[in-house]
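A.B. asks: Single-letter residue listing:
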Amino acid sequence: MSASDLNAVVTLVNRISPWLMVLQVVPDGWTFPEFIPGQYTTVGLFGTAPRRDLAEREVTPADPYKLIQRAYCIASSPVNKEFVEFFIHLVPHGVLSPRLFALKIGDRVNLSDRITGAFTFHDVPDDANVALIATGTGLAPYVSMLSTHLRFGSQRRVAVLHGVRNSWDLGYRSILMTMQHLRSNVTYVPVISRPADEPVPWRRAIGHVQDVWNGPVLAQAWGSRPTPEDTHAFLCGSPHMIDDMAALLVDEDFRECAGDVPGQIHVERYWFASPASATQRKQATPSLPGHY
Amino acid sequence: MTYVVTESCVKCKYMDCVTPCPVNCFHEGVNMLVIDPDECIDCDACRPVCPVHAIQPDSKPDLEQWLAVNADFTKRWPRITKKKDRPTDADKWAGVPNKFQKYFDPRPPEG
Chain A
1 MSASDLNAVV TLVNRISPWL MVLQVVPDGW TFPEFIPGQY TTVGLFGTAP RRDLAEREVT
61 PADPYKLIQR AYCIASSPVN KEFVEFFIHL VPHGVLSPRL FALKIGDRVN LSDRITGAFT
121 FHDVPDDANV ALIATGTGLA PYVSMLSTHL RFGSQRRVAV LHGVRNSWDL GYRSILMTMQ
181 HLRSNVTYVP VISRPADEPV PWRRAIGHVQ DVWNGPVLAQ AWGSRPTPED THAFLCGSPH
241 MIDDMAALLV DEDFRECAGD VPGQIHVERY WFASPASATQ RKQATPSLPG HY
Chain B
293 MTYVVTESCV KCKYMDCVTP CPVNCFHEGV NMLVIDPDEC IDCDACRPVC PVHAIQPDSK
353 PDLEQWLAVN ADFTKRWPRI TKKKDRPTDA DKWAGVPNKF QKYFDPRPPE G
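If you read the sequences in order, they're chains A and B. End of the first sequence = 292 in our numbering, gap-free, step of one. End of the second sequence = 403 in our numbering, gap-free, step of one.
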């Protein structure tokens, strides 16, 4: 199978908002390899694929013959043999996501058979609690983890802290509420940063995931504040949130996993901010509604 | 944005990075690999698997030299898509300083 093939078929396009979508694809004539929840693969389209109307015009037109591939965390569980799912944010000046947002059911995409990533439960002790902390589509790996690991009767406590701007950006909200209802050890904490825009008063957490971590919610749900002795923390999404949360966790004596050095902080940055000026950092950060 | 292969790769050339790369953007020299900056999609699959931590994202500071090396030698060296056997003395060179200055070989591999 050549990497240049459009080797998978789009079976569902769920547009949650103008800039958020859930994409389901099915490999055509081959089997998606086994993977571990939290890992990622790439999705690709050729430059000939149309861009969505609301995306910004390309300054430099994409090469029509080149496959444009980008890495996305797999949101579906490896036990799901029926389709592979992704939770995708539109980057309006981006090269691939505007093309993904123009997809229809039946269209073909390239789905890589190379799956990788260390953002998994591999180094989490069986009895450790986990705090799954995300902004935006950083939720995707956690959906895969929860829909896999919760099957068995582990008593570990699991908290999902999901930070977005508004409630309609949450994604998977119903599923996570259901998981919380079905499993007494799951705590779901959606947090929004723009309550004034909500159509009905928002009664859950307001601010950012950092505020939830610093507040009383987890201690109330778990009976005590998480500590590095009993909890592993996963951070996924914007580098700004990750840097802030990592600093908070390190202050509480959590340690970041680094290669062979074990730790309790697991990190997956969705993009990198430049180390240069603050202006450059802002430019590196997508500025669409829905980015945090 | 891209990732770059740096100093530690020279003479070690473990090539663990080639296997997870989804876009086959590594190019092979005699005693080092480089990353094609136009192909790299910043997915971070390669960085953690290098035994000598030779790969960095270009968001880290002070990588200008390596950006140039990776860009230049991408043009001169063939693409490598499958990991090969590491040099028999690879472990001996792990952690040795100043390898690029002393030992870097600009030629493409033979054969």
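No wet-lab data here; the hints were simulated from the structure. The C-beta atom is built at its ideal place from N, Cα and C for all residues, glycine as well. Heads up, some of the hints might be wrong.
Stated by the list, open to error - In silico lysine to aspartate or glutamate, EDC-like type, Cα no more than 20 Å apart, as pairs:
(1) B:Lys352 <-> B:Glu320
(2) B:Lys367 <-> B:Asp397
(3) B:Lys391 <-> B:Glu356
(4) B:Lys375 <-> B:Glu402
(5) A:Lys66 <-> B:Asp334
(6) B:Lys391 <-> B:Asp381
(7) B:Lys376 <-> B:Glu320
(8) B:Lys352 <-> B:Asp330
(9) B:Lys352 <-> B:Asp336
(10) B:Lys391 <-> B:Glu299
(11) B:Lys376 <-> B:Asp308
(12) B:Lys391 <-> B:Glu320
(13) B:Lys375 <-> B:Asp328
(14) B:Lys367 <-> B:Asp381
(15) B:Lys374 <-> A:Asp5
(16) A:Lys66 <-> B:Asp330
(17) B:Lys375 <-> B:Asp308
(18) A:Lys66 <-> B:Glu331
(19) B:Lys376 <-> B:Asp334
(20) A:Lys104 <-> A:Asp5
(21) B:Lys391 <-> B:Asp336
(22) B:Lys375 <-> A:Asp244
(23) B:Lys352 <-> A:Glu256
(24) B:Lys374 <-> A:Asp113
(25) B:Lys352 <-> A:Asp63
(26) A:Lys104 <-> A:Glu82
(27) B:Lys352 <-> A:Asp244
(28) A:Lys81 <-> A:Asp28
(29) A:Lys66 <-> B:Asp328
(30) B:Lys352 <-> B:Glu402
(31) B:Lys375 <-> B:Asp336
(32) B:Lys367 <-> A:Asp63
(33) B:Lys374 <-> B:Glu356
As the list claims (entries may be wrong) - Covered stretches of chain A, going by a simulated chain B footprint (3 or more residues, C-beta under 8 Å):
(34) 37 to 44
(35) 67 to 73
A.B. asks: Take a quick look at whether Lys375 (chain B) and Asp328 (chain B) sit within 20 Å of each other, Cα to Cα.
C.D. replies: holds (17 Å)
A.B. asks: Under the criterion that the straight-line Cα-Cα distance not exceed 20 Å, is the pair Lys66 (chain A), Glu331 (chain B) satisfied?
C.D. replies: holds (10 Å)
A.B. asks: Has the given pair, Lys352 (chain B) with Asp336 (chain B), been kept, meaning a C-alpha gap of at most 20 Å?
C.D. replies: Roughly 13 Å between the alpha carbons, so the hint for Lys352 (chain B) and Asp336 (chain B) holds.
A.B. asks: Do the alpha carbons of Lys391 (chain B) and Glu356 (chain B) lie within 20 Å of each other, as the hint requires?
C.D. replies: holds (17 Å)
A.B. asks: Going straight from one Cα to the other, do Lys391 (chain B) and Asp336 (chain B) come out at no more than 20 Å?
C.D. replies: Violated. Lys391 (chain B) to Asp336 (chain B) sits at ~25 Å, over the 20 Å cutoff.
A.B. asks: Would you mind confirming whether the straight-line C-alpha gap from Lys367 (chain B) to Asp397 (chain B) stays at or under 20 Å?
C.D. replies: holds (15 Å)
A.B. asks: Is Lys374 (chain B) within 20 Å of Glu356 (chain B), Cα to Cα?
C.D. replies: Outside the cut-off at roughly 28 Å; violated.
A.B. asks: Do the alpha carbons of Lys367 (chain B) and Asp63 (chain A) lie within 20 Å of each other, as the hint requires?
C.D. replies: Roughly 19 Å separates the two Cα atoms, so the pair holds.
A.B. asks: Would the pair Lys352 (chain B) and Asp63 (chain A) pass a check requiring their Cα atoms to be no farther apart than 20 Å?
C.D. replies: At roughly 29 Å apart (the allowed maximum being 20 Å), Asp63 (chain A) and Lys352 (chain B) break the hint.
A.B. asks: Do the alpha carbons of Lys391 (chain B) and Asp381 (chain B) lie within 20 Å of each other, as the hint requires?
C.D. replies: holds (14 Å)
A.B. asks: Within 20 Å, alpha carbon to alpha carbon, are Lys376 (chain B) and Glu320 (chain B)?
C.D. replies: Holds - the C-alpha atoms of Glu320 (chain B) and Lys376 (chain B) are around 10 Å apart, at most 20 Å.
A.B. asks: Take a quick look at whether Lys352 (chain B) and Glu320 (chain B) sit within 20 Å of each other, Cα to Cα.
C.D. replies: violated (23 Å)
In terms of the numbered hints stated before, the structure departs from hints 1, 14, 19, 21, 22, 25, 30 and 33, listed from lowest to highest.
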